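Novice: For reference, the chains in residue letters:
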Amino acid sequence: MSSIRYAEFKSRPYYGVLEPASALEHLIVAEGEGAHAVMELVAKAPAGFTSQATLLYAEGPYSPDNGNTEALRELGFARFHTSATAAAAVPRLEGALERLKMSTEVYLTGSESALSIFVKACTDAGLDYQGLQTEHRGSLARRVQCVHCKGITENVTTQPATCAHCGLLLLVRDHYSRRIGAFQGVNINAEDPSDIPAKEEMFR
Amino acid sequence: MSTPAAIDVVVSEVVEVNSLIKRFHFKRPDGAPLPAFSGGAHIIIEMQDGDQTRRVPYSLMSSPLDTSDYQCSIRRDDEGRGGSLYMHREVVPGMQMTISPPANLFALDLRANKHLMIAGGIGITPFLAQSSQLERTGGQYELHYGVRSRELGAYIDELQDRLQHRLHMYYDEHNEAMDFDTLLSTQPAGTHLYVCGPAPMIEKVLDTARAAGWPESHVHFEHFSKAPPGEAFSAELSESGISVEVAREQTLLEAMEAAGVDAPYLCRGGACGQCETDVVECDGEIMHEDFWLEDDERASGKKIMPCVSRFRGKRLVIAR
Numbered sequence: 000m001s002s003i004r005y006a007e008f009k010s011r012p013y014y015g016v017l018e019p020a021s022a023l024e025h026l027i028v029a030e031g032e033g034a035h036a037v038m039e040l041v042a043k044a045p046a047g048f049t050s051q052a053t054l055l056y057a058e059g060p061y062s063p064d065n066g067n068t069e070a071l072r073e074l075g076f077a078r079f080h081t082s083a084t085a086a087a088a089v090p091r092l093e094g095a096l097e098r099l100k101m102s103t104e105v106y107l108t109g110s111e112s113a114l115s116i117f118v119k120a121c122t123d124a125g126l127d128y129q130g131l132q133t134e135h136r137g138s139l140a141r142r143v144q145c146v147h148c149k150g151i152t153e154n155v156t157t158q159p160a161t162c163a164h165c166g167l168l169l170l171v172r173d174h175y176s177r178r179i180g181a182f183q184g185v186n187i188n189a190e191d192p193s194d195i196p197a198k199e200e201m202f203r
Numbered sequence: 000m001s002t003p004a005a006i007d008v009v010v011s012e013v014v015e016v017n018s019l020i021k022r023f024h025f026k027r028p029d030g031a032p033l034p035a036f037s038g039g040a041h042i043i044i045e046m047q048d049g050d051q052t053r054r055v056p057y058s059l060m061s062s063p064l065d066t067s068d069y070q071c072s073i074r075r076d077d078e079g080r081g082g083s084l085y086m087h088r089e090v091v092p093g094m095q096m097t098i099s100p101p102a103n104l105f106a107l108d109l110r111a112n113k114h115l116m117i118a119g120g121i122g123i124t125p126f127l128a129q130s131s132q133l134e135r136t137g138g139q140y141e142l143h144y145g146v147r148s149r150e151l152g153a154y155i156d157e158l159q160d161r162l163q164h165r166l167h168m169y170y171d172e173h174n175e176a177m178d179f180d181t182l183l184s185t186q187p188a189g190t191h192l193y194v195c196g197p198a199p200m201i202e203k204v205l206d207t208a209r210a211a212g213w214p215e216s217h218v219h220f221e222h223f224s225k226a227p228p229g230e231a232f233s234a235e236l237s238e239s240g241i242s243v244e245v246a247r248e249q250t251l252l253e254a255m256e257a258a259g260v261d262a263p264y265l266c267r268g269g270a271c272g273q274c275e276t277d278v279v280e281c282d283g284e285i286m287h288e289d290f291w292l293e294d295d296e297r298a299s300g301k302k303i304m305p306c307v308s309r310f311r312g313k314r315l316v317i318a319r
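Those sequence lines, one after another, are chains C and S.
For the first sequence, numbering that gives the first Met the number 0 gives the first residue as 0, with consecutive numbering after it.
For the second sequence, numbering that gives the first Met the number 0 gives the first residue as 0, with consecutive numbering after it.
Keep in mind the hints are simulated off the structure, nothing from the lab.
Bear in mind that the values here come from a model prediction, so they are computed numbers and not experimental data.
Every residue gets a Cβ at the ideal spot worked out from N, C-alpha and C, and that includes glycine.
Hints may contain errors.
Stated by the list, open to error - Computed footprint of chain S on chain C, listed as stretches where at least three residues anywhere in the stretch have a Cβ under 8 angstroms from a Cβ of chain S:
hint	region
1	15–23
2	71–81
3	93–100
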């Protein structure tokens with residue numbers, strides 16, 4: 000598991016470790032290597048936990064499946080659905096949130112990008128982000144919003160990064176927008192576009 | 000100045016709501032509008048009771064859309080320190096008084112998809128203001144209101160007219176109790192819960208919500224602890240270099256103010272945290288009455304909230 004470098008930015012999301020909570024129901028959304036966080040959560044939980052729980056599992060794209068899906072299926076969740084990617088899991092997550100009661104604990108785990116997508120779906124449904132349990136597993140690749148054209152580029156791993164929409168070279172900041180669910184990217188060479196700093200892989 | 004600037008007002012009306020509750024209306028002497036406030040806000044009423052100055056928080060119950068006056072409903076508490084008794088016995092229309100500007104420690108979270116309000120007895124007052132606010136701004140809400148009896152329940156008719164199907168009444172005299180388990184397990188995502196009323200009711204709602212898995216950030220409560228009377232005690236103020244005597248029906252904060260110490264405060268009900276003070280020395284027991292300190296802070300004996308908490312023992316020195 001990679002560790003997150005906590006920056007001075009207050010807005011930079013902080014992730015914890017999933018812990019079984021006292022609640023009438025449980026909604027768990029996991030992506031990729033988050034499968035292992037779910038297995039650890041279930042191992043810590045009292046018997047009968049999974050019979051009150053729904054699991055939405057997005058398999059990739061960064062982690063080859065490695066049998067995770069089958070291992071999760073065997074845990075006996077009351078409802079278990081898979082999807083190819085975090086983005087593909089969102090419609091089902093939105094549906095689950097529409098029916099969700101406040102007596103449901105929500106657990107989210109996966110890559111930094113997946114967590115951005117899941118947390119935003121939950122806050123859009125009216126849940127306060129402080130009430131969501133999150134655990135980071137897998138890639139640190141970021142969703143980045145270009146502050147100039149507002150386009151969002153997925154799976155950004157380099158510093159600087161090229162905006163997939165307007166092509167500007169962006170400095171990826173730790174400044175995070177919960178409303179948009181993305182880190183902010185600001186043009187790094189506005190004064191002299193011919194000055195092109197080398198890209199380094201920063202968010203593996 | 001560490002305390003909020005005061006507003007001079009005139010008592011424009013006093014209405015007997017029922018045998019226990021009176022409603023007080025305050026206006027500016029020149030009739031100009033009072034400061035804007037939001038539903039759930041309170042003011043602090045200053046009372047000159049003989050040689051004692053009392054400052055007591057009360058919720059604003061009037062509509063936030065109308066600042067031509069402020070209205071507070073006050074239940075007479077015969078066991079309290081005397082603030083409500085003073086209001087009931089001494090305050091008459093035409094009297095000049097001083098109040099604080101409004102402050103809100105019980106505001107609606109406007110990100111909510113739905114507001115679920117639970118009131119017990121006189122705890123209805125902030126919800127009167129909040130429901131008026133939501134009528135104008137829109138927003139889904141429902142109010143569950145428990146009272147001892149039809150006779151002692153305040154504003155039931157007005158609420159029925161305004162809220163209609165959004166109001167759910169529960170009468171003790173008919174053995175009707177709120178079913179918190181069902182209520183709190185059936186609320187849709189994005190609901191925010193608000194509770195105001197007697198301490199045991201608040202505790203029960205908070206416990207039920209916690210056990211059912213409600214996130215803390217969706218649960219709001221207001222219980223101005225009614226700084227209870229207690230035995231007299233003395234306290235040394237290390238920064239001011241003086242000692243104060245706290246009488247039976249006085250609070251430590253009031254005793255400091257009477258001695259000319261400008262101590263910070265906002266709610267005077269143990270809720271806001273403004274008056275938190277370090278304890279330098281404590282040979283005895285601090286009786287914590289606030290809702291602010293964490294359990295470990297209370298146990299440490301290093302903090303006190305002088306607006307509500309008291310002391311029993313040999314020596315108390317606080318950093319003020």
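Novice: Starting from the hint list further up, note which numbers the structure goes against and sort them upward.
Specialist: 2
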